[in-house]
Amino acid sequence: QKEVEQDPGPLSVPEGAIVSLNCTYSNSAFQYFMWYRQYSRKGPELLMYTYSSGNKEDGRFTAQVDKSSKYISLFIRDSQPSDSATYLCAMSANTGNQFYFGTGTSLTVIP
Amino acid sequence: GAGVSQSPSNKVTEKGKDVELRCDPISGHTALYWYRQRLGQGLEFLIYFQGNSAPDKSGLPSDRFSAERTGESVSTLTIQRTQQEDSAVYLCASSRPSLGEQFFGPGTRLTVL
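Chains as they are written, first to last, in our numbering: chain W, 1 to 111; chain S, 1001 to 1113.
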């Protein structure tokens, strides 16, 4: 079993839709959770960073962590064509340890 | 301040040749990571440096791969006797352990002919 599971998609939505991206994990020790956005031929860009359970909101983006279910989500409201990218989740047990990445979900927002 | 930089941005080499990839982390970031990303795939962990501690090499796929880092500065990833399956984007990231967020460079796209 992989440490982190993420549906690769592709996911295609109309502009203005709410997008939900998800990852599940198996290691209950994970407590640091990140979402990255990666445009084609670019390095991943950090979007959201959360510690332990709960929600975190930043503009149109909301990250949710449910440690009891070992499930994390990223919601994008009022999606824009510029949101079209691959979204990667990542997590770690401690800040100084190895990070485990999902395989990424490819998102296309259609104008 | 400057982000993580990597060089070269693209490298084309012939099978069997050695290549060296360079990463300049963000100043003050004591942790440095190398990842490999094959086309359409996720990130594959290769190696992790933290300060002066022994590196975590558990992700290196074979003994053809090695990496060095001098103190808390530049790191080089060396691939000896390259094979076609080594073709991928090699990404470097750095972080401050107290915060944990990794910041990535733009990557080096390696093509082995």
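Think of the hints as simulated: they come from the structure by calculation, not from any bench.
Beta carbons are placed, not taken as given, at the ideal position from N, Cα and C, and that holds for glycine.
A few of these clues could be false.
Unchecked claim - Pairs of lysine to aspartate or glutamate residues, derived as EDC-like cross-links and limited to a Cα-Cα distance of at most 20 Å, are as follows:
(1) W:LYS42 <-> S:GLU1044
(2) W:LYS56 <-> W:ASP78
(3) W:LYS2 <-> S:ASP1024
(4) W:LYS42 <-> S:GLU1014
(5) W:LYS42 <-> S:ASP1024
(6) S:LYS1057 <-> W:GLU3
(7) W:LYS56 <-> S:GLU1101
(8) S:LYS1057 <-> S:GLU1044
Stated by the list, open to error - Here are the in silico distance ranges between beta carbons for each label pair:
(9) S:ARG1081 <-> W:GLU3: 39 to 45 Å
(10) W:ARG41 <-> S:THR1013: 16 to 22 Å
(11) S:THR1070 <-> W:SER26: 32 to 38 Å
(12) W:ARG41 <-> S:ARG1081: 41 to 47 Å
(13) W:LYS67 <-> S:SER1058: 35 to 41 Å
*Could you grab the alpha-carbon distance between W:LYS56 and S:GLU1101 and see if it respects the 20 Å cut-off?*
holds, 15 Å
*Between W:ARG41 and S:ARG1081, does the beta-carbon spacing fit 41 to 47 Å?*
For S:ARG1081 against W:ARG41, whose Cβ atoms are near 27 Å apart, the range 41 to 47 Å is violated.
*Starting from W:LYS56, check that the Cα of W:ASP78 is at most 20 Å away, please.*
holds, 17 Å
*Could you grab the alpha-carbon distance between S:LYS1057 and S:GLU1044 and see if it respects the 20 Å cut-off?*
This hinted pair holds, its Cα atoms lying about 12 Å apart.
*For the pair supplied as a hint, W:LYS42 and S:GLU1014, is the alpha-carbon distance within the 20 Å limit?*
With Cα atoms ~24 Å apart, W:LYS42 and S:GLU1014 exceed 20 Å; violated.
_Beta-carbon spacing of S:ARG1081 to W:GLU3 - inside the hinted bounds 39 to 45 Å or not_ = violated, 30 Å
*Within a Cα-Cα threshold of 20 Å, do W:LYS2 and S:ASP1024 meet the stated pairing?*
violated, 31 Å
*asked:* Check the hint pairing W:LYS42 with S:GLU1044 against an upper bound of 20 Å on the C-alpha distance.
replied: With a Cα-Cα distance of about 16 Å, the restraint between W:LYS42 and S:GLU1044 holds, given a limit of 20 Å.
*asked:* Need the status of pair S:LYS1057, W:GLU3: alpha-carbon distance at most 20 Å?
replied: holds, 18 Å
*Within 16 to 22 Å or not, the Cβ separation of W:ARG41 and S:THR1013?*
holds, 19 Å
_Proposed proximity, S:ASP1024 with W:LYS42 (alpha carbon, max 20 Å)_ = holds, 17 Å
*So does W:LYS67 sit 35 to 41 Å from S:SER1058, Cβ to Cβ?*
violated, 25 Å
In this structure, the hints that do not hold are numbers 3, 4, 9, 12, 13, in rising order.
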